[in-house]
Structures are given as structure tokens and as C-alpha cells.
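Each chain sits in its own coordinate frame; assemble them with the hints.
Letter by letter, the chains look like this.
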Amino acid sequence: MKREIISLQEVTFTYAEEDIGIRPAIQNVSYTINEGEWVAIVGHNGSGKSTLARLMNGLLFPQTGTVRIFGEPLNEHNLWDTRSKMGMVFQNPDNQFVGATVQDDVAFALENNGIPFEEMVERVHASLAKVKMSDFMNSEPHHLSGGQKQRVAIAGAIALQPSILLLDEATSMLDPQGREEVLQTVHELRKETDLTVISITHDLEEALLADRVIVMNQGEKYATGSPHEVFERGQELIDLGLDLPFAMNMSRLLRAQGVQLVADHMSEEELVNDLWTSHFNK
Amino acid sequence: MDISLQQVSYAYAKDTPFEKRALYDVDLLIPSGSYQAIIGHTGSGKSTVLQHLNALLKPTEGVICIGGTEVVAGKKNKKLREIRQKVGIVFQFPEHQLFDETVLKDIMFGPMNFGVPEEEARQRAIELVRLLGLPEEVMEKSPFDLSGGQMRRVAIAGVLAMNPEVLVLDEPTAGLDPRGRKEIMDLFYKLHIEKGLTTILVTHSMEDAARYADRIAIMHNGRCVLQGIPKEIFSDEDRLMDYRLELPQSIKFQKKLEEMMNKKLPSLCLTEEALAEELARLLKKEREI
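One line per chain: the protein sequences are D and H, in this order.
Those letters in the first sequence? Residues 1 to 282, by full-length UniProt numbering.
Those letters in the second sequence? Residues 1 to 289, by full-length UniProt numbering.
It is worth saying that the hints were derived from the structure and are not from the lab.
Here the structure is a predicted model, which is why all the values come from computation and not from measurement.
For every residue, glycine included, the Cβ atom is placed at its ideal position computed from N, Cα and C.
The reader is advised that the hints may include incorrect statements.
Subject to a maximum C-alpha distance of 30 Å in a straight line, what follows is the list of computed BS3-like cross-link-like pairs (lysine-lysine) [as the list claims (entries may be wrong)]:
no. : chain 1 : residue 1 : chain 2 : residue 2
1   : H       : 284       : H       : 252
2   : D       : 132       : H       : 20
3   : H       : 252       : D       : 191
Covered by chain D, according to a simulated footprint, are these stretches of chain H (three or more residues, beta-carbon under 8 Å) [said to hold, decoys possible]:
no. : segment
4   : 143-154
5   : 248-258
With the rest of the complex left out, here is chain H (with noise of 0.2 Å):
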């Protein structure tokens, strides 16, 4: 399901005195199946742009198409439903959004409320309280007497239990440990190629976007400024830097050494990994000569 943005702009409390431009003519186009993050610094209208995506704003200029249904400035529109069921959104902290008793139950809400049997999300809650690596003595306890870890999981589960074809992620790791934090990305990657979900990642990590995306968008002051494959992004610091960005870690550091050898390597490396990788194959040709 193909998403794109065409010249949207957003105002909060149009028409009124209080009327704050949040984001103005985006355009962004998000390909079927891609990893898409979307970077820039507190405030640039990341989130503005993420409620878009699944219609809970709707544009005040400009057209956004989801899949095909169009969400145009001015116009009602019937088939929101259909929408919010395709897009799932893990918004910050979902864990606040938990209510119900059990957390089955509060997995099972979402399917139910679009029409699905009982018996059904039953089943797709359980399928997920175990890919989420959740206890299964969880599932009948109350979410609120989990950890804020283990709460995390079930809010995600509940968005997933919608089955969503495209997965809308705000800042999904904040406030969790380096480990839960690094086993959330693996497990969201994992689905993103598993299912073939486009996915979409709001975040300030530097290093996410670098490891995760095919393709990167940066937000500066409303405006979508750049958009292109993270070795593109990521290859113009000054750039970054007007954005109030900065570099992956990996990418700073492998500048550094590129000083200190006077000598660049082949390609940008974007993790840890390939940095040590590419580091190790040019002192074992260096030996070899």
C-alpha cells in the first residue's frame, strides 16, 4: 500500500486566533513494503505528519493517498475505517493507551471492534503474546500489574492484532532499557520483512534510521527538506547539522579515523558492524602489501 503526501499543510485551530502552521507543503512519497524513517529535531512536525498517516488529522491544503482512498483538504471522507484498520500506529508510550482488564482482553479490543469473532482474536492475541516473547502467565493478568517493559509489548500486540499492512512507529523504544529496546527494532524489522508491512519509524535515534530504513525524510520547521537512502542522508553533515541533526555514531567515528589514516574508506558504514568489518579487510590488505 503505497502512501503519499502531495503539498500538505496543517494548521492547528484553523480560522481561530490561535492558529499554529504545523507542517507546510510535504510531500512525500512512501513505496509499498519500504522502511521509511522519518528524523529531525524536537518540534519539526514529525508527529504532525505521523497523525496524517492514518487520517486522525486530515490536511488543511493538500491531498494524502493511502492506499487508494484519498484524504483531500475540505472534503468529508467515508472510508476513514477502512484506513485506521490498514495503518496501525504505535504512538509514544502506548502503554498509556492499555485499559481493560486482562491482557487479552485489551489485545482483543481493537479486532473485535472492527467486526472480528471473539474466538478469532482470541487467538491472534495469544499468536502475539508469544511473539512478543511475553510470558504466557501474562494473558490473564491485569496489563497494569506488568512491568513498563512487558506493557509496551502488549500495547504494540494490540496494534498488531489489527493486522495492519502499513505500521506507523513513534518513537516506539523510549523510556526502555538498551536490551528491550534493541529486541523491540529487531522484532519490528523482523515483521517489516516477514509480512511485507511498510513501516514507517518517527525517531531521533540517528542510529535507527541508519541500521533500519531503505529510505530517510528529514523535518525542519514544517517542511520535508530531504528525502533519499540513508548513505545519501548521512553524507552531507553540514547539511545535517542545519537541521539540528547529527551523524549515526558509527559515521562519526568512521570520519575520525578517516582523518587519523588520511585515507577514506570505501563506502559509509551505517552500523557498528560493517564499520569493524571494513576496518578489519583494509589492515588485512594493508598486510598483505
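The following block holds chain D by itself, in its conformation from the complex (with noise of 0.2 Å):
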């Protein structure tokens, strides 16, 4: 049995404690992550996917519930050491600049956590290099498109080798290619490592890499799986707003279109195979 990681226990959170009008952005949501797991978490705008986020590395604290990390309930004293375990990276990476390089931006966490500067600059060139941003390594951050700056985000969170690494919706503004070269990075982390993958996202394909997926909705958790038994879900999924993966679009298309199909695929290659059997092969 892997060590539990993050666990959150009856959380409910609210923004507007004074006015219990408005529903609680998150609403007595429990769910266990492990060591070594990536786990994509996936919902409508406003279903409570950041507010997750920022409850598991304490920017909020729950009204109820407990949220534990490493199997300690996460509180204002241990807060800071937790933090240092997790590497955090959100949407928008205006947001997060605060070097005058990309160099400096990458550093700027490991100075504030005394890492020596022979390893400092070690560790730097390696993020770099992984996110493949090692030739910007002095350029400016305001001088790079969106894309790149999120890649330099990233290398910042992985340079300070934490245990948990949270992506919120952090591949979403990135081209295809940049997308797949940072998924790609996140894969290759975890084989060296025993990283663990929070992602928040709505790019159903990043969902489908996942081990597990939890399903967001109106602040509930609505459901939790394997990609698999989370898509088999189908129209229910399009009507809280989200979109199937591609394959299985293209399957409900085609029986729309009286093509028979074993089922609806999750993968392209099963489709694939289903219409050679059943259709071209005879």
C-alpha cells in the first residue's frame, strides 16, 4: 500500500462566510491521494477546482473538515514545510514572475530555501533543460510569449524537487507542442522520481493520462475513477459542461450516423480496430 499523500476529509469551504445565501464553493468533499499518483482533477469554471487547489497547500483553510498532508492535518505551523514539498503552478504565469531573468525567476524559491549556490545553479540549468528553456536562460521574463513563460514556471516549481507537483489548468495556454513537451516532462519526473501529479485541468486528453480522475461539480465531488470509468460516463459528463475525449466524440458521431460500433472508444486506436473488424475487413 502506497503512503497516503494528500487527504482531504468532509471539506467544506466557503468565500462568503457572512452570507449563507451563496453555496459553499466546496461542500463536504472527501477523497485520498497516494505517493506516486496522478491524479487530473476535472470540472465545469466555478465547480471548485482552484478552490481545491489552494485548500491543499493551505492559501485557504476549510470552515469544516480536515485537509492532511503527508497524514498530518495541514495547520498555520506546518504550513511552511508543506509548502516546500509542493511545487505549485497556475494558470496565468504573469502572475508569478518575480526574477528579472528566467534564471533568476527559476532560483528566486531556491535561495529562499538555502540551497547552496553550486547546487543552486546545477539545479537551475537542469529545470531549464528540462522544460527545454535552457536557451532563454537570460532573457527577460515580460520578453517571452504565454507558452514560454509557463514553461520557466514550471522549471521553477520542479527545481526545488518537491514530492507533490500541482498544475492548475498550468498547460492551458500552451501550444500543442508545448503542451506535450511539458505532460512529456511530467512523465519523465515521475519515473525518476516518486513524484505526485495534481492536475487541474479541462483538456480531456491531460484526464486520460491520469491514474485517476475526480470530477468536479457545483463544489461536489461528483464522481471518481479510472479515466476510464470516468468517461464510460459519457453524455452525463457533457451535461456538467465537460467534453469527452476525442475518440469517443467521434464514436457517438458515427452512431449518429447509423455506423455501428461495438462501443463508444476511449482511445483512437480501439476505434480504429472497430471499424476495420466490423466494417472494412469483410
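And the structure:
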């Protein structure tokens, strides 16, 4: 059994404590994330995904319920220690730049954590190489495009060698190849270490890569399971304002056109094979 | 209103030690009423081109014609105000530009700044709130009390309130959930058709470019390297790869299928719907043989 990394128990959080007319942003949510897992949290805008991220790293504290990190209830005393083990990357990199150059920015958190100079230089170089931004070491962040900035932000997070990497829609502004590179980077990091990845995302192809998916709706946990189990819900997810992976959409459209299929397929390979065996290989 | 860029170059911080070239000899003609997509990987110069389209940046070399107005490198221009009224830009994360006390006041700000009487500006704002599918009760609320998706719509309404003839969209759906994304893109398409707008979409969604655009231009390392209709642009995968771009998912899937069938479909399908129809037609034909 893998070690528990983050656990929420019956957590409720509201931004407007005095106004009981407003639905809490998070309502009675429980889940556990284990070491080395890649968990994707999906849901419509306003479903509570980003609030969850802020509860998990102690930017917010719940009104009721507990958030446990590494088995300890998160509180103001262990907050700083906990955060140093958690790399966080937000959607908009403009709000998280502090350095005058790319390498200064990546070094910032390392300096804060008292990493010796020699090692710091090494880690900055290695992190930037991993996100393919080494050529921009001395560039000023505001001269970078949105996607490049985001890769630097990810480099800054992984430079701390965290146990947890929390991506809050971190790939949503990247071009397809940039996104691919970042996801590939996350993959490789997980191979080398027991990094736990929590990605909050609208990108269902990204969610398909996760070990487990948590679906949020109106502040409540709507469903959880393997990507396969979750996406099998089909129309239900569309009704929640979400989408389905490409192959499933394609399957549904084909069926609507009267093309018979064994199932709504999750992957393109399955769909191609089904079309081949049922229709073309006759 | 035609827009054309002729041999446009741009350098940030020109004539300083920090000079950085962003555009090189860009030629681009966007005919009035067309839906032009500009694609390219991050850092390719898409956003720099975009800022030239209403003279927020002026070229360091070359000429930009916006309707009848020329913006020429090194020359002062007095008609910028008119250009900025006619060319509306929806920037990335436009909700960051919201500032006023109420949603209506925020939407009314642009037109009133350009001399539209208050009552008329209010009428436009009310119509836009409805057009964008926002609930009526938000009108008197602070825009900062709305959800992210609603704030985005208010910000877009603020641009539309200027009654632009040209609408420039810079990744307008970044950060929205899939339903919100589809609603906003469909809305822009509807406006494009109904109001006869010239629409310019800067995006890295190949799917959106394939689905909505009449014409596509590819930016790469500050140059406009390829222009054409979507079917041409997406027919040469190797070339796209050179520019670090990909095929839309439906076309990628079509290629996989064609490989399996060892046969080509009659044409390139730019959307999933088109591909499903084409396949169904093919299967029907095969059964009849």
C-alpha cells in the first residue's frame, strides 16, 4: 500500500462566510491521493477545482473538515514545511514571475530555501533543460510568450524537487507541442522520482493520462475513478459542461450517422480497430 | 474593411542595446468580411502581429493599411482613434481589464469614451448582456463578483459595445471549460456572419482554425511563412511539423483511417462531424456494391 500524500475529509469551504445564501465553493468533499499517483481534477468553470488547489496547499483553510498532507492535518505551524514539498504552477504565469531574468526566476525559490550556490546553479540549469528553455536563461520574462513563461514557471516548481507537483490548468495556455513537452516532462519526472502529480485541467486528453480522475460539479465531488470508468459516463459529463475525449466524440458522431460500433471507444486505436473488424475487413 | 500588412517588420526596444526583432517582412492581406486564423507556436510572433492590427504597435519598417488608413513606419498618424474604434481587440484573459463598479458601467465605458450618449450606450450594453447569454441580474452587480466565464463575457461585451467592423480575438477561450469554449466560439461565428464582421482569430487550437476560418496564416520565427485556405494548409503535415504545429484531431484520425483502409476519402474533413458523415457515406456505398 502506497503512502497517503494528501487527504481531504468532509471538507467544506465558503468564500462568503457571512452570506448563507451563497453556495459554498466546496461542499463536503473527501478524497485521498497516494504517493506517486497522477490525479486529474476536472469540472466546469466555478465547480471548485481551483479552490481545492488552494485548500491543498494551505492558501485557504476549510470551515469544516480536515486537509491532511503527509498524514498530518495541515495547520499554520506545518504550513511552510509542507509548501516547500509542493511545487505549484498556476494558469497564468504573469502572476507568478518574480525574477528579472528567466534563471533568476527559477533560482528564486531555491534561494529562499537556502540551497547552496553551486547546487542552485546546477538545479536551475537542469530544470530549464527539462522544459526546453535553456536558450532563454538570460531573457527577461516579459519578453517571453505565454507558453514560454509557463514552461519557466514549471521549471521553477520542479527546481525545488517537490514530492507533489500541483498544476492548476498549467497547460491551458500552451500550444499543442508545448503542452506535449510539458506532459512528457511530467512523465519523465515521475519515472525518476515518486512525484505525486495533481493536475487541475479542462483538457480531457490530459486527464486520460492520469491514473485517476476526480470530477467536480457545483462544489461537490461528482465522480471518481480511472479515466476509463469516468469517461464511460458519456452524456452525463457533457451535461456537466465537460467534453469527452476525441475518440468517444467520434464514436458518438459515427453512431448518430448510423455506423454500428461495439462501444463508444476511449482511444483512437480501439475505434480504428472496431471500424476495421466490423466494416472494412469483410 | 480590408486590412493589409506590407513588408512589416517590428523590433521591440529599437535602437537600444535590448533591441529584439519580433517580425520580419510580414505580408498579409485580410479581405473585408473574411474569417482569418493566425496560427503558430508560442513565440512565433502571432501576438505581435495582432497588436499591429489596431496600431497599438506601429511597424518599425513597412506599411499597414487598415481600411483607408495607412500606418507607415516612422510617421505620425492622426487617425488612430478611428482605427481603434473600428478594430476591436479581445485580448487574452480580457477579464483582467474589467474595472468599473457595475457590469453595465463597464460595458458602457468604451462607447461613452468615444462620445456615444449615455442612454444609447446603456441600451447597447443591455442588448449585449442578453446576446452573450448572461443572466439579467448581473447588470447592476460588480463584475468582480461574477464567475470567470461570466467575467470573460462581460469583457467581450465591452469590446462589442464599440460596434467594431473588425474583431480581433487573441486566444479568446483560454481557461474556459469545454462548454464555455464552444458557446463563445459559436457566438463569435454567429456575429461574424450576422454582422458581416471581419474576424481575426489568433489561436493555437488547430481544431478551431479548421472549423471556423476561411483563411489561415502561419507565423514562424517572426515571419508569415504560409497562407491559404484550411484544406490547403492542413494537407501538408510535414510542413506543419517544420513549424512545430500539428494537424487538427479529425484530420489526424482521418489519416489513420485512410492508412487502415488503404484508400483516401474524397476530401480532407476539417471537423469531426464532416468526417463522420464522409465515413458513413463511404460505408453505405460499400454495402451497395
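Problem - Hints violated by the structure (numbers, ascending) - result: Those not satisfied: there are none.
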